[in-house]
Amino acid sequence: MADWINTILQGILTGGLYALLAAGLSLAFGVMRVINIAHGDFAVLAGFIAIALNQWLGLTPVESLLVAMPLMAALGYVLQRFVLNRALGNDVMRPLMITFGFSIIIQNLLLQGFSADSRSLYAGSFSTASFQFGGQIAAGYLPLTMMLSAVVILAGLQQIFSRTMLGRAFRAASDDPEIVRLMGVDNRHVYGIAMGLALAMVAVAGVFLVMQTTVAPTDGPVHLLYAFESVIIGGLGSLWGTLLGGVILGVAQALGDKFDPGIGTLVGHLTFLFVLAVKPNGLFPKTKDR
Amino acid sequence: MSLLHTDHLQAFYGDFQALYGITLTVEEGETVALIGANGAGKSTFLKALTGLVKHGGGAVHFAGESIGRLQAHQILARGIALVPEGRRLFPSLSVEENLLMGGYAKRPGPWTVKRVYALFPALEPHAKRPGTALSGGQQQMVAIGRALMSNPRLLLCDELSLGLAPIIIRDIYAALPAIKQEGTSVMVVEQDTSQALKVSDRVYCFQEGRVSLTGRPADLTRAQIAQAYFGV
Amino acid sequence: MRAKLLSPKAFQIYGLALLVVLMVVAASQPWWARRYTEQWTTEFLYTLALAQAWNLLAGYGGLLSVGQQAFIGVGAYMVVALGLLAGWNPFLTIPVAGLVCVVLAIPMAALLFRLKGANFAVGTWVAAEVLRLLVSNIDAVNGGSGISITPTLIGMPIWWRMSETLWIALALGVGGMAMVYGLLRTRLGLALTAVRDSEPAAASLGVSVSRMKWAVYLVAALWAGMTGALIFITKLRVAPDAAFSIDWMTTTFFVTVIGGIGTVEGPLIGTAVFFALRALLADYGSWYLIALGLVAIIFMLFIPQGIAGVLKTLTGSNLFPTQRHAPKVAS
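Protein chains in written order, with our numbering: chain A, 1 to 290; chain B, 1 to 232; chain C, 1 to 331.
Just to be clear, a hint being listed does not mean it is correct.
Which stretches of chain B does chain A cover? Using the computed rule of at least three CB atoms under 8 Å from a CB of chain A, they are [claimed, not checked]: (1) 77-88; (2) 93-101; (3) 218-231.
Rather than coming from a laboratory, the hints here were simulated on the basis of the structure. From the three backbone atoms N, C-alpha and C, an ideal C-beta is built for every residue, glycine too.
Same shape as in the complex, but just chain A:
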């Protein structure tokens, strides 16, 4: 019994990581209507930046994260402002193909710089120690931290969206990219900020990822799919729905692996397809298709 509870608990906490990944994807999609195919690759890139900082400069994992986050945010702003913004419009293919190009470039740069080996970021006892709830039920400090960070970051994002001028500009730009410019909004800049924020969140997810498990340069797409599934399960545009989507995916994977090690990912995908079949707009639909 405790065994199953632990499995489910572990799945729930992994959902925090997926939600972190998903929130960035969802933000970029919500504001720019662009699905960043390279989203998972950016997470892996952030993880590898943290590994490099840790191994080459001797930074602690936390310090690495603090460096990786602004780096990724700046990269996001630059790529959006100077590359993706040029391809925005009614045609979704151009941004999609461009981010696909990013994906190939990031993967191969990482292969060039780090070889094809899987790597992880060693975070000492923090990665392995766990908190005992009693009755043989326990959860690792790292997964607990991941979930906590996800909740804090999503809550922060929620506040930005509902209370700040920037958040209103995000929503307005999503509603009507033409009229928002008449409000004095430089939408190219606002899109840059949105992508910067998205990649800052991705950086957090990526650093957690390499702390939790080993990651290879070509692992990005898998994480894109997990993030995407969390978003769709939760319902496009709903932040807390996204967290729940991540949790559902995490639990499905954990239970799948419990039945038969190696089929967790498949069970996760099937859960996504099931939700798509019965609730095509996700469990907590919010925004409409434009």
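Given chain A, work out where chains B and C should sit, using these hints.
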């Protein structure tokens, strides 16, 4: 010096020329009406002024500065605001947030959310509702308020009366004096000619992308206007 | 109007003549070319076939699939199931593989069409991953480690095997072009272009948008399935990771985007450019792929109409005039 002066302004949609050299002025404190049939280029002209449509030639001067090459958000920052055709409120923003969005550029001036509510008392009870949940007339008020929130020197209004009942149109136009009192110049685009003639100091009639007639409403005859409007 | 390099008519005549010559050169290769050349031509042609199917799907049907490897993989595994396990002649499995993919595509489309635009794209990728993982768990085909199909080819003379492979590749590649061209000249094609240019406008003209999308999705699945079967007959070994690999899509995107999406000749031009670049740069490993990524991004940013589009502005015509002018954005 005029507040706004366009000199042979042209605009294109792809290969299609929508404006063939519009020369027009708006003086400080003036209300100017643009009239003309559907497709005469009135809305395109407003879009060209506000930077939503790129110019294909000619010049635009606003308060002595050439603004022809500026981006939409830079033009707003100079003090030109547009109430777009069809209101175009942000559906995921509440009434109040729509108004706040209008103040994004933080141009100094008299307009605040409170003053917009004072101008249009019908809006305040709906502050927290989505803008698009309101009646057409109320949505138009939000759209005007949103534009005012940027404290414009020149307010452009595109088809304020479109799809609204006459009594509501009257209510909306009743707000015009209070707006002008703040020193704002106004340019209204109307298909409803009588409404336009009533509120404006001067009229420009557009026909197929050109100005076909201009003058003070009192100086123009119905026949002249019909000629300029329909080209018959 | 700027001066044209060639008159439209001359461009079309020269282009078609060149194409016929190339086809004859390709088809006669078993009698004069070296094995290496023959293999190269086969690969060229199946790359063209994949690109053409995706071009129909994305360029004309507006269905941005990132998951056609689902059908490539299923096609490949039909060679295993029917050729290796049931003992069929592997070449006979090719049409059946295509049909199986069509049948499989029906429930997939029913599910994936619930996603719009870019979401549809990622959804198709998930579907392909599901199939990869399912196949990886089938012990009869050796699970994730893959299986050799060499036994199906034992007893077949190598000349005959290679010739047959080449001709089928030719049928799929050039046939793919002919199929797209032919399809676009029918009523369905007109409807498709209408849907692509403006979905609401097409719907208001009485075109069933959803029927168009179904038709295109199924035809693309058929083509990818047959091509997948053929590809893995040439590779002699089928493993889930290779058969359901996203790399097939990477090549396909590159070829179609560079050549000119939404034109019949675009994929052909793109395939030629792709093979030229590969010959020049393949020794550089990762840097070669990085270069491909950069070239694709540059095309999407500055030449979204592709090389076929550039040729069109130079000559005033497409080699295969089916493409409609993009609608002018008026608001």
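Kindly indicate which numbered hints from before are broken by the structure, ordering the numbers from low to high.
3
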